[in-house]
Amino acid sequence: MSLLSLIKEISPQLLEGTLVTLQLTGFAISLGFVIGMFLALGRLYGRGPVRKFCIGYIEFFRGTPLLVQLFIVYYGLPRYGIKVPSIVAALLGLGLNSAAYQAEYFRGAIQSIDEGQMMAARALGMKKLQAILNILIPQALRIVIPSWSNELIYTLKYSSVAYIIGAPELMAQAKFIAAENFRYFEVFLVVAFIYLVIVSLLSWILRIIENRVRIPGLQTS
Amino acid sequence: MTSIFPLLRGTITTLELTILLLAIGLAIGIFLALGQVYGPLPVVAVINIYERFFRSIPALVLLFLFFFGSSYFGLSLSPFLSAVLALGFRSSAYQSQIFRGAIQSIDEGQMMAARALGMKGFQAIKCIILPQAIRLAIPPWSNEYSSVLKDTSLAYAVGVVELVREGRYIIVRTFEPMLVYITIALVYFVLTYAGNKLLAFLEKKLAVPGYELKLKEAKSTKYER
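Residue numbers (the numbering used here), protein chains in the order written: chain A, 1 to 221; chain B, 1 to 225.
There may be inaccurate statements among the hints.
To be verified - Output of the computed footprint for chain B on chain A, the stretches with three or more beta carbons under 8 Å from beta carbons of chain B:
1) 3-17
2) 53-65
3) 122-134
4) 160-166
Stated by the list, open to error - From the derived model, a few chain B residues whose C-beta atoms are all more than 10 Å from chain A:
5) Ile57
6) Asp107
7) Ala113
8) Arg135
9) Ser146
10) Asp151
11) Gly159
12) Ile184
13) Tyr188
14) Phe189
Think of the hints as simulated: they come from the structure by calculation, not from any bench. From the three backbone atoms N, C-alpha and C, an ideal C-beta is built for every residue, glycine too.
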């Protein structure tokens, strides 16, 4: 069987896997966005224990491999009565992991905004929380776009690790197909190509967005 | 208690993998960076494709490509060796970016001055540019150390008996997944922390007082993960 007819034969199944990969990435990055934002704010403005917790969380998730985190969620938690299907465990693991990285990007972006902005907002009578929500975060979100784009692409690539705990994403489908026709190398070659295309497309789109939302003259570094 | 020994053995394998990967990545990465900065256009183009390939494809897919590819082409590499090659080449693509950034941050006048003093281009790179660039590259390189260390855990998937795999064997025996995985996580955490501390110490030790260099675009965050 030639490579071309092989591709034709396996593409529906791989497409299915690709969709799961994209969904997994989308949900995980969103979960990471929400938690990451809270972690960043907690680390910057939180008091004592809150700050300590945020730092601990970020350091733990950044200092240990995603695979081990997934194993803890999928194999470790059932002992304590929390049993979730593999796709949910993958989503949780990836999301919690990405949150730690996103938190650091957000923190960097917020810190890069001039202190005068906060002072001016307070002088205009805003509460600290108001100032953070209305003045700092809108600016920080613009600044964070390049590094956040990187994080999105990383999450997409690392979602492949979810296959090890049995989530039915692209890698899992590929392994499944290859176990049937024994053409491991060709199948993974196709998978590699799919990732290559998605990553290239995604970074192209993100670069366009980055240019669109840029405010000329307001490039804080 | 009997679980300590396998974990220790796994940790050693993980460290071996990490050191091998970083060494391969360093050796190839520096050459790629030099090629990108000083090479002719076709060389730059080829290196760009190499980088794009190894940076866009997930580590896990690369591992499988090398592992199954080697038997496809009749080489039959061991899981350990195919992991070393796949992740080593991958690291070289990331490290070349780090070194390119560092080399480009060195003032152009340095090269000109070296050439004016009669040095050959190669001599100037070896004796003037690289010693400065490597100092600059230490902080982002420390990020690369952490991510390479963590990514060695993926070698589990092709059957390398490293830390996570040893942990799996212990769990089959003891049925204590939480305890074992938390312990493994702590081992990785300590290794990451210790390595980063060591590199920060190295950075301080190698710094030339009064001659602080700066990376051009301060995008150290770009190398995270």
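Status of the hints after comparison with the structure:
1. Check on the segment 3-17 of chain A: 0 of its residues sit with their Cβ under 8 Å from a Cβ of chain B, so the three-residue criterion for coverage is violated.
2. Under a criterion of three residues with beta carbons nearer than 8 Å to beta carbons of chain B, the stated coverage of the segment 53-65 of chain A is upheld, 6 such residues being counted.
3. Only when three residues or more bring their CB closer than 8 Å to a CB of chain B does the claim for the segment 122-134 of chain A stand; here the count is 0, and the claim is violated.
4. For the segment 160-166 of chain A, the stated coverage by chain B is satisfied: 4 residues place a CB nearer than 8 Å to a CB of that chain, which reaches the threshold of 3.
5. Residue-level check failed: Ile57/B sits 5 Å from the nearest beta carbon of chain A, not beyond 10 Å.
6. Separation of Asp107/B from chain A is adequate, the least Cβ-Cβ distance of about 20 Å exceeding the 10 Å criterion.
7. Every Cβ of chain A is farther than 10 Å from the Cβ of Ala113/B; the closest lies at roughly 29 Å, confirming the non-interface assignment.
8. The claim that Arg135/B is not at the interface with chain A holds, since no C-beta of that chain comes within 10 Å of its own (minimum 22 Å).
9. Not every CB of chain A is more than 10 Å from the CB of Ser146/B (nearest about 7 Å), against its label as outside the interface.
10. The claim that Asp151/B is not at the interface with chain A is violated, since a C-beta of that chain comes within 10 Å of its own (minimum 7 Å).
11. At roughly 12 Å, the least C-beta separation between Gly159/B and chain A is larger than 10 Å, which holds for a residue marked as non-interface.
12. Ile184/B, annotated as away from the interface, has a beta carbon of chain A within 10 Å; the closest lies near 6 Å.
13. Once the 10 Å rule is applied to beta carbons, Tyr188/B is inconsistent with being away from chain A; the minimum gap is 5 Å.
14. Annotated as non-interface, Phe189/B brings its C-beta within 10 Å of a C-beta of chain A; the closest such distance is 4 Å.
This entry does not satisfy hints 1, 3, 5, 9, 10, 12, 13, 14, going by the numbered hints stated previously.
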